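Participant: One-letter residues, chain by chain:
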Amino acid sequence: MADIALGQVAAKPAMREATAWERLRANRNWLGFWFMMPAAAFLILFLAYPLGLGVWLSFTDAKIGRTGEFIGVENYTWLWDDSVFWLSIFNTVLYTTVASIVKFAIGLYLALLLNERLPFKAILRAVVLIPFIVPTVLSAIAFWWIYDAQFSIISWSLRHLGLISGNIDFLGDTWNARWSVIFANIWRGIPFIAITLLAGLQTVSPSLYEAATLDGATRWQIFRYVTYPLLTPIIAVVMTFSVLFTFTDFQLIWVLTRGGPVNATQLMATLSYQRAILSGQLGEGAAISTAMIPFLLGAILISWFGLQRRKWQQGEGND
Amino acid sequence: MTDLLTANQDSLKTVLTAPPSRADYSEGVAYLESLPSRLVRVYLPLTIILIVLLFPFYWMTLTAIKPDEQLLDLDRFNPFWTWNPTFKHIYKLLFETNYPLWLWNTMLVAVCATVLSMIASVLAAYAIVRLRYKGAQWVGGAIFLAYLVPPSILFIPLSSVVFQYGLFDSPFALILTYPTILIPFSTWLLMGYFKTIPFELEECALIDGASRWQILMKIVLPLAIPGLISAFIFCFTLCWNEFIYALTFLSSTQNKTVPVAIVNEFVDGDIYRWGSLMAGALVGSLPLVILYAFFVEHYVSAMTGAVKE
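Taken in sequence, the protein lines are chains B and Y.
Numbered by this note's numbering, the letters in the first sequence go through residues 1 to 319 in order.
Numbered by this note's numbering, the letters in the second sequence go through residues 1 to 309 in order.
Just so you know, these hints were derived from the structure itself, not from any lab.
Being a predicted model, the structure only gives us computed values, none of them experimental.
Hints may contain errors.
Unchecked claim - Partial pick of chain B residues on the chain Y-facing surface, computed with a CB cut under 10 Å:
id: 1; residue: Thr19
id: 2; residue: Trp21
id: 3; residue: Arg23
id: 4; residue: Leu24
id: 5; residue: Ala39
id: 6; residue: Leu53
id: 7; residue: Ile89
id: 8; residue: Val93
id: 9; residue: Phe151
id: 10; residue: Gly260
id: 11; residue: Val262
id: 12; residue: Asn263
id: 13; residue: Ala264
id: 14; residue: Ser289
A virtual CB, placed ideally from N, CA and C, is assigned to each residue, including glycine.
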């Protein structure tokens, strides 16, 4: 980019020195280059380069404090035979699928509710967003306390309602732990989905609803054939983000279970942290991270194109 | 995906079709709906969802101000309320631990990283939208892709980069790496804002002999202030929220940020730790909640604006 811009400018015959300088200053490409510099520097040094480096590291036996030698796909063959790695893939896929579906369902439902005529609508909307504002780690700590094996408020309430006899071991049992972290993730994700979808809903013109009502559409038909098609583009984007961030989640798991009990909630992100940083096997950790990339691309493609096609089917323009 | 949709449709169908009467449909006009039907169809589910969403914060706050003996004795005291609130936990947090230092670290990192990112993304967004240099569209797309690269696949190579640059265990490690999360987001948001500023204003300024820099500083930026505020507070929140980089790149206690410090320093097996743990979580959230309370609208527009593009 930069070279092209420079080359073109330099090629022009300079009539006077001042003119050349002035032309340069008015040249879009030259200016654009300088305007892009700071952002490009950050993104290349700390994003593109590490991304490439990560892939490279996954083919080496690098450890903390030692640059690795190239060892081909040894890390990957090692992981292929590692049952914990496969378990982490299973956990991550389960976590992402269940959490994303439930988040979407409840988030959309909440958005529809908030789109009704309500008193104190602005305040309600503000309150709904609070779980998204509070840092994940801090709300995860609150969940940790809510899920405490001995003093859990949920166990206490259920016991006093007479529904269970003993305390529930939320984070100590394999499946309990999985559902508990999934619930916490859903709790944290709903506000984002609800508020963005609400913004989409508010752009739907009320006259469309009026027209549909006059044509005798039921409430469900109005949602299915008016609201939903108009929302699809925004749903596509929101769900892409949601899937992406659920799949790569780290904070919540790290605070609640650290991958335990016996790796039952080990996600790929937490496993790569354990292997790379705690055990020092940078190469192996990088291989796990790199193994996430195809899944991410797949998730992005599915949610993006799956929903984009619907948009096109509805006869809207492809913008 | 289809499962997802049908599951959702089913849940909605039951909710939307069950309570109101058939007659209400033929009317079809929301304001004619009777109050009892609205109570069941709208207010009841809304209340349940709100209670679930807010309960952890209530619980966090309550735990932070409960005396220790009430925390663990669920039989003699009603756990949902306390008549003897105490500020012991918060006092202990602020005066007997490094908590103020961690708050300061978090604040410093968040402000520096946000300011750096804002400068970089204002320039980049303006160049992409208005200078439209060769390949600007592609760069815009690449920036969106950068937004989709999650920190959890970057932290391992980044940790070795941070080592190489000699930044390990210094606030600069975070100040320089956070912008990679923030720049794509805020550039994308500001691009949307800059597009809404009339082109003609800039043309007039160009004819009057203003340079691109003057146009940016004197025309575009003042008009984009709402967008700048949105981007700023959203970036700030993201910084405050960030965990994995801070966990990986910092090691000494006095350099830690609030989320990392709470997780690592407070968890010491003490059975009475819950009070101070919750106090830490509460005090750590307050700055963001206060900021949020003042800028709700900007916040929402930041969140939705970046998605709408």
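Participant: So which of the earlier hints does this model not fit?
Facilitator: 1, 2, 3, 4, 7, 8, 10, 11, 12 and 13
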